[in-house]
Amino acid sequence: MLVLFWTDVLIFLLVGMVLIFVLYARRREHLCAPWREVARSGVAMGSLVVLGFYIVIGLLDSIHFRPAMSPNQDNGQVQYANEILSVFDRLVTPLRVRGEKTYSAPFAAFLYTKETVELPDGRQRRQFPRLKYGASHLTDPETEKTADIVMTGMFAAAKGLLVWGVLCTVLITALGKWKHQALRSVFAQMRAGQTTVRWRSMLYTLGILMVISFVAADLSMKYHILGTDKVGENVFYQALKSIRTGLVIGTLTTLIMFPFAVLLGLMAGYFRGWVDDVIQYLYTTLSSIPGVLLIAAAVLILQVYLDNHADEFSSVSERADLRLLFLCLILGVTSWTSLCRYLRGETLKLREVDYIQAATALGVRHFTILTRHILPNVMHIVLITVVLDFSALVLAEAVLSYVQIGVDPTMNSWGNMINSARLEMAREPIVWWSLFSAFIFMFSLVLAANLFSDALRDAFDPRLRQQR
Amino acid sequence: MIAYIVRRMLYAIPILIGVNLLTFILFFVVNTPDDIARSQLGDRRVTAQAIDTWKRSHGYHKPMIYNGNAQGLGKLTDTVFFKKSVRLFAFDFGRSDSGRDIGYDIGQRMWPSLAIAVPTLVVGILVNITFGLFIAFFRGTYIDFWGVVTCVILLSVSSLFYIIGGQYLLSKLFHLVPISGYDTGTNALKFLLLPVIVGVVSGIGSGTRWYRTLFLEEIGKDYVRTARAKGLSEQRVLFRHVLRNALIPLLTGIVVVLPLLFMGSLIVESFFGVPGLGSYTIDGIQRQDFAIVRSMVFLGSVLYIIGLLLTDISYTLVDPRVRLQ
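Residue numbers (the working numbering), protein chains in the order written: chain L, 1 to 468; chain A, 469 to 793.
The set of hints was computed from the structure by calculation and includes no laboratory data. Treat the hints with care, since some could be wrong.
Stated by the list, open to error - Straight-line distance between alpha carbons at most 27 Å, and here's what the computed DSSO-like set of lysine-lysine pairs gives:
(1) Lys101/L to Lys132/L
(2) Lys230/L to Lys349/L
(3) Lys114/L to Lys640/A
(4) Lys689/A to Lys349/L
(5) Lys640/A to Lys230/L
(6) Lys145/L to Lys132/L
(7) Lys159/L to Lys114/L
(8) Lys523/A to Lys551/A
(9) Lys132/L to Lys114/L
Source: prediction; values computed, not measured.
Turn these sequences into a full structure, and let the hints steer you where they fit.
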């Protein structure tokens with residue numbers, strides 16, 4: 001049975017909007033030109049592949065359902081489980097269900113803590129017990145483990161390379177067909193990096209990602225590749241699940257805030273007078289409240305509300321989802337002001353431009369001038385801000401969750417992973433793997449987003465384009 | 469000039485009223501004064517009598533925003549909102565809901581905040597300018613390319629990891645400084661070192677990149693070409709001409725954050741256990757002490773507005789072409 005969370009609905013709405021824009025822009029040269037510039041940049045296309053990887057996982061994780069249980073014997077009706085899963089959960093079932101008792105290091109065969117075990121002869125001894133799932137297929141982990149990891153890893157990497165090779169061949173054939181060129185010349189151009197779209201860097205990144213994911217997938221079937229956390233949950237699984245949270249915060253916040261920013265910014269700049277005064281007053285007031293304070297206060301309010309209305313939610317994840325949405329909302333409220341101010345300034349400049357003056361003289365209505373003449377000319381600012389904000393928001397989520405005014409503690413997020421891991425820093429030997437995994441996943445997402453947004457800004461900002 | 473400043477100050481009043489109203493609504497939209505009284509009295513089963521006494525003694529017994537029973541102007545003034553807000557404009561913060569003098573607390577906690585924020589800002593700017601100039605000097609070379617790459621990598625790391633990494637490296641591994649805490653007098657120095665280092669290092673990525681763009685923009689201007697045409701050496705052009713002119717946007721960028729240094733950093737202070745204004749605010753929020761939250765929000769907004777004003781004034785000081793009207 002399909003379950004729709006609020007954030008799921010908004011995510012798919014966003015995907016729909018992007019698709020509509022792509023279809024709309026395809027036939028319009030002036031909209032395509034900057035994107036073509038982006039496509040020429042190797043770094044940008046490489047990061048786009050990484051981003052795409054994250055987005056696919058995030059989207060798979062956004063289709064939620066209640067799994068059907070075996071039909072009831074009496075009336076044949078299908079019952080649904082209480083637990084809400086996503087398609088992604090289904091794909092990685094082994095990661096989800098193979099829990100240990102408590103901490104275990106990456107690739108470990110033994111638990112992190114000692115336990116009292118009864119030996120066959122009846123005596124009791126304190127020792128590190130074997131893990132239930134991690135490396136359980138080995139009889140003597142001490143000697144066999146390294147060889148097994150290397151062998152499995154190599155085999156998986158070979159599989160990854162094979163799949164990558166097939167993908168490359170398919171792409172080259174498709175390109176050759178489309179452009180009516182010999183496959184050999186397509187291949188040569190691609191290798192020399194002379195194509196209009198930088199396929200070379202995309203394919204290299206894809207190759208690396210393929211090898212990594214195949215190796216990770218195969219090793220995960222035998223080991224806990226990033227260890228387990230306090231309650232024995234697989235850290236790799238947690239880090240993967242956190243991707244959706246990060247993406248939701250990074251994208252939905254801007255989706256929520258940008259209609260307000262655009263509407264108010266354009267109105268303030270275009271109408272001036274008292275409209276401008278009111279809107280300026282509004283955003284100066286909002287931006288003079290320190291952002292963290294506003295967020296903290298709002299989240300606390302929500303917490304009180306959730307505690308008082310606990311019975312209105314059918315499940316914990318539904319509650320957590322509402323809190324996530326609310327967090328996006330409040331982050332949006334605190335972050336629209338700078339975009340609004342920027343748009344107002346740009347509109348003030350634009351309304352004095354000749355073609356707007358001409359439109360006014362011809363008696364074009366305000367609404368039409370705003371939507372047909374001004375809006376398309378400020379869209380690049382909106383786009384640049386949205387992409388630049390993305391990485392800042394992903395980072396902000398972690399900090400906010402860390403000071404406990406972020407997402408729900410039951411929700412998987414990188415901030416929560418760090419938060420639960422920080423107290424274990426004092427342990428000996430140190431429990432580092434939760435921090436490490438959160439770091440790697442966050443870092444690669446934010447780095448890819450930063451590199452991509454840099455290329456985007458270079459392509460879209462006409463001022464920068466002139467300089468080069 | 470003076471007329472301009474006065475006008476800006478008058479303009480600040482409606483903004484501050486708006487800020488107060490917003491905080492007020494945010495805080496009381498779910499928490500009724502009854503709830504606050506109950507949590508402050510610390511018991512689930514307090515009598516209605518006790519709640520009433522607490523509300524009366526803390527001034528929460530009046531209607532919230534609009535008093536229908538009062539006469540004339542009293543409809544607006546004889547309310548919780550008016551009574552609680554109007555004194556803020558004279559910087560009289562009153563007592564917190566738990567009975568402490570907020571003004572005194574702020575005076576005490578201001579110093580640790582400043583002790584962290586000021587060195588972080590000064591050292592950070594010096595370091596960033598140095599790196600920025602260095603990269604701008606070698607523009608178009610491999611040093612430039614890899615410098616920018618390093619910056620992007622540095623700014624992609626969450627600030628949490630700088631803090632955790634700093635604590636782990638300096639405190640746990642090398643035992644150089646304590647992990648967190650604070651002390652009075654010169655003893656505070658060893659506690660300050662780590663937050664300042666972490667603050668500076670975490671800012672290098674974005675700071676250096678920003679200064680590099682600033683310098684490169686300046687290098688592209690006509691007067692630089694003139695200076696080169698005169699036959700000046702690259703060092704002289706860069707350090708005497710470009711640096712001085714780049715100081716204008718640099719200075720105004722710094723002035724805007726100066727007043728907010730008083731507020732301290734919420735995040736850093738709560739991490740390192742520093743008893744500054746940042747952790748004061750967080751505590752206030754977590755204890756649901758409206759008096760503290762309101763005072764800090766008010767103070768923050770006042771400082772923000774002062775910062776904007778100072779920026780405008782500093783523009784006229786460093787650039788005589790700008791006139792305020």
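Hint check:
1. Lys101/L to Lys132/L: holds, 9 Å
2. Lys230/L to Lys349/L: Violated: Lys230/L and Lys349/L sit about 57 Å apart, past 27 Å.
3. Lys114/L to Lys640/A: Answer holds: Lys114/L to Lys640/A is near 24 Å, not above 27 Å.
4. Lys689/A to Lys349/L: holds, 23 Å
5. Lys640/A to Lys230/L: Since the Cα atoms of Lys640/A and Lys230/L sit roughly 22 Å apart, the hinted pair holds (cutoff 27 Å).
6. Lys145/L to Lys132/L: Answer holds: Lys145/L to Lys132/L is near 16 Å, not above 27 Å.
7. Lys159/L to Lys114/L: Given that 27 Å is the threshold and the Cα spacing comes to 38 Å, the pair is violated.
8. Lys523/A to Lys551/A: Holds. Lys523/A to Lys551/A sits at ~13 Å (cutoff 27 Å).
9. Lys132/L to Lys114/L: holds, 15 Å
The structure shown violates the earlier hints numbered 2, 7.
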